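*Asks:* Residues per chain, in single letters:
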Amino acid sequence: MSCVITLTTDFGYRDAYVAAMKGAILSIEPSATIVDITHDVPPQDILHGAFVLSAAFSYFPQGTVHVAVVDPGVGTDRLAIGVEWRGHRFVAPDNGVTSLALAAGADAPASPAGAAHEAYDGPLPAGAVAHELTDSRYHLADVSSTFHGRDIFAPVAAHLAAGVPLSRMGPAVSSVRRLGLASPSVDKDGTVRCAVIHVDGFGNLVTSARREHLSSGACEVEVGGRRIAGLSRSYGDGEGVLALWGSAGYLEVAVKNGNAARTLGVSRGDEVVITPCG
Amino acid sequence: MSCVITLTTDFGYRDAYVAAMKGAILSIEPSATIVDITHDVPPQDILHGAFVLSAAFSYFPQGTVHVAVVDPGVGTDRLAIGVEWRGHRFVAPDNGVTSLALAAGADAPASPAGAAHEAYDGPLPAGAVAHELTDSRYHLADVSSTFHGRDIFAPVAAHLAAGVPLSRMGPAVSSVRRLGLASPSVDKDGTVRCAVIHVDGFGNLVTSARREHLSSGACEVEVGGRRIAGLSRSYGDGEGVLALWGSAGYLEVAVKNGNAARTLGVSRGDEVVITPCG
Amino acid sequence: MSCVITLTTDFGYRDAYVAAMKGAILSIEPSATIVDITHDVPPQDILHGAFVLSAAFSYFPQGTVHVAVVDPGVGTDRLAIGVEWRGHRFVAPDNGVTSLALAAGADAPASPAGAAHEAYDGPLPAGAVAHELTDSRYHLADVSSTFHGRDIFAPVAAHLAAGVPLSRMGPAVSSVRRLGLASPSVDKDGTVRCAVIHVDGFGNLVTSARREHLSSGACEVEVGGRRIAGLSRSYGDGEGVLALWGSAGYLEVAVKNGNAARTLGVSRGDEVVITPCG
Chain A
520 MSCVITLTTD FGYRDAYVAA MKGAILSIEP SATIVDITHD VPPQDILHGA FVLSAAFSYF
580 PQGTVHVAVV DPGVGTDRLA IGVEWRGHRF VAPDNGVTSL ALAAGADAPA SPAGAAHEAY
640 DGPLPAGAVA HELTDSRYHL ADVSSTFHGR DIFAPVAAHL AAGVPLSRMG PAVSSVRRLG
700 LASPSVDKDG TVRCAVIHVD GFGNLVTSAR REHLSSGACE VEVGGRRIAG LSRSYGDGEG
760 VLALWGSAGY LEVAVKNGNA ARTLGVSRGD EVVITPCG
Chain B
520 MSCVITLTTD FGYRDAYVAA MKGAILSIEP SATIVDITHD VPPQDILHGA FVLSAAFSYF
580 PQGTVHVAVV DPGVGTDRLA IGVEWRGHRF VAPDNGVTSL ALAAGADAPA SPAGAAHEAY
640 DGPLPAGAVA HELTDSRYHL ADVSSTFHGR DIFAPVAAHL AAGVPLSRMG PAVSSVRRLG
700 LASPSVDKDG TVRCAVIHVD GFGNLVTSAR REHLSSGACE VEVGGRRIAG LSRSYGDGEG
760 VLALWGSAGY LEVAVKNGNA ARTLGVSRGD EVVITPCG
Chain C
520 MSCVITLTTD FGYRDAYVAA MKGAILSIEP SATIVDITHD VPPQDILHGA FVLSAAFSYF
580 PQGTVHVAVV DPGVGTDRLA IGVEWRGHRF VAPDNGVTSL ALAAGADAPA SPAGAAHEAY
640 DGPLPAGAVA HELTDSRYHL ADVSSTFHGR DIFAPVAAHL AAGVPLSRMG PAVSSVRRLG
700 LASPSVDKDG TVRCAVIHVD GFGNLVTSAR REHLSSGACE VEVGGRRIAG LSRSYGDGEG
760 VLALWGSAGY LEVAVKNGNA ARTLGVSRGD EVVITPCG
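Protein chains in written order, with this note's numbering: chain A, 520 to 797; chain B, 520 to 797; chain C, 520 to 797.
It is possible that part of the hints are untrue.
Since copy identity is lost for identical chains, a pair holds within one copy or between any two.
As a list, the in silico SDA-like pairs of lysine to any residue whose alpha-carbon atoms are at most 20 Å apart [as the list claims (entries may be wrong)]:
1. 775 / 596
2. 707 / 741
3. 707 / 795
4. 775 / 752
5. 775 / 561
6. 775 / 745
7. 775 / 786
8. 775 / 563
9. 775 / 638
10. 775 / 531
These are calculated hints, taken from the structure and not from any lab test.
Since the model is a prediction, treat every value here as computed from it, not as a measurement.
Same shape as in the complex, but just chain A (with noise of 0.2 Å):
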């Protein structure tokens, strides 16, 4: 039965480093399948990373290994991990860059006080287990010390494919770097402040509220200065400046047919705000 490993990096569409990264891979476990989440993620943008594999991962099947390299530590003391977690592999280095995804897509645990936005060592979730992935024998023969997307994370994605359990691959840690993203906050009249964490290639925005910060759902969506009324259904509900809630479970700010992020002038780290019902 064929394993699926699937990949999400900063390498881009250009040079030769995925494509190694797939041959190593493949030189390890022929009948791989492999899919690619994204190389365009911006260099070394963790964030941007984290969000679209924990918007991703959960559709594959069980046991697929997630491999996941944005890795601007490559080559310092940073760890290598491996995490099992709901029946997905995941591989990468420990920056954060899976925290989202292992959070199953909600939001972060709080960071500590002061730490926003900085990563941080935080708790696994119930259910994880994590190891260092320290054991040479499931490397490549020579690691180097600028790329061990190619070296590491995929042979070591590789032999997870192929049934070698995670546990072998080097020593257990008992909690792994987050990403410290300000969690969105409700005041006591229900108001909602949160943050634009995603701008998509559309251009639409998508903000840290989830529906469980909205139990009475959303009256006004307040962003860049543009006022939004109520909540449309889809992207092509409604004219001009819509809000609505994405396909990742998050509110988002779209524009109909067109480019909110442009039309607004909003980017990431935005503050949002959001007046519920009644």
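Given chain A, work out where chains B and C should sit, using these hints.
*Replies:* Here is chains B and C on its own, set in the frame of chain A:
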């Protein structure tokens, strides 16, 4: 025997959308061979998607399932359809994105007077059968109103690849939406007036003129104020601005080792006039 | 046993060209595993394609077929060739696009005096065999003069993957076109004068200098008017502008969490001078 599923979308390569579709497919039909046609259709550009799909699909094996999701009307009342024709299966929103493929790469049937560039209801090609994709047994359990690529089209494609007949997916339909492309007109003296229908990544200008419009050959091609004498055999044959028969069967205008769209300041929709020989 | 076929082209990701090649392959050899190396080679940039192919191919399994189509001369008298070497097969126009791979990633043999940057006929590496791809039984039935990627190279690759020997594809040839890259020169005092041969997507500057040119180590690297003291171990080691051994075996210049090409205003072809230690 593994079945091929192709994907054509405007989702780009930097988000989770395409990967979520692939995960949904592999969760249903793990042996599917998934091939990207393109995900770089400009946002909501149905004609671009339709052209690229029409130029690629016939090279795939019989039985291939082609999924095309350029879908500005997702969540509105547009239909979701499946079409079987000449041994290929197409799965898409009913908005014209499959209509150039369903014309076998030839010009679409002439659009009703006055309706040029608007989509309209047109007959299926001879031998084709089409069904709405309404049976929720072949969709994901939760269908969003914003992402039918993941929730409807990908799962339907996977079930087709796994052997479920299209006729089970929903009721038969007898017409589909077609793109109202203006067909080339041929004057009494044989002069062909056509338009640029696609600009490729090299800047080559693909016109709507096909060999059947020019039985006696082309002596002069006029576009963007430039007259090109005679046809070249290939992009490397001749110098400067060239006209030639392109690989998708249409007359093209190119610049040797250059970009015709930029050099001539011509874009999609612009007129091209072809004077026949003798 | 399924065979891997890799693809390297300048066709981009927004057109039908790559998909038509994949369809042609799968129609002949449905069990082939197709892997994209890159399709974002800048139009007609043979050196970019050659560099990326040379950096990726050796990580693939023995028996892999590598198709490289950067082909400004399609439809002219340039040859189509297949080469077998060290257990890999290469299928490409004979214009130098495989010549860096066929040098095993090392510098190409020195070009004839005065011919720098022009392609020239050069010998095959030891142990390699090459054949013209002239036998039309292994091409598509209709071969265009504009798209040999689809009509010749893809079908030939599929037949090779299916077990047809290269020797059946056409007559043997004893030389192939090589890119006339200037090799690094080493002065009497050990100073190495080389050039930037590739700028990757991070903006890292890959030079033509390899370890064999610098047996005593590098003390100072000069590029774009900037002097860099000593070598770093990785992209995250040190601050600002760094020099280090990159993952493809060449000396690179990088900026920590930045873009060296933009910061230094350096591009491909620019000179780099390396002063050895002691």
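*Asks:* So which of the earlier hints does this model not fit?
*Replies:* Hints that this structure does not satisfy do not exist here, as all of them hold.
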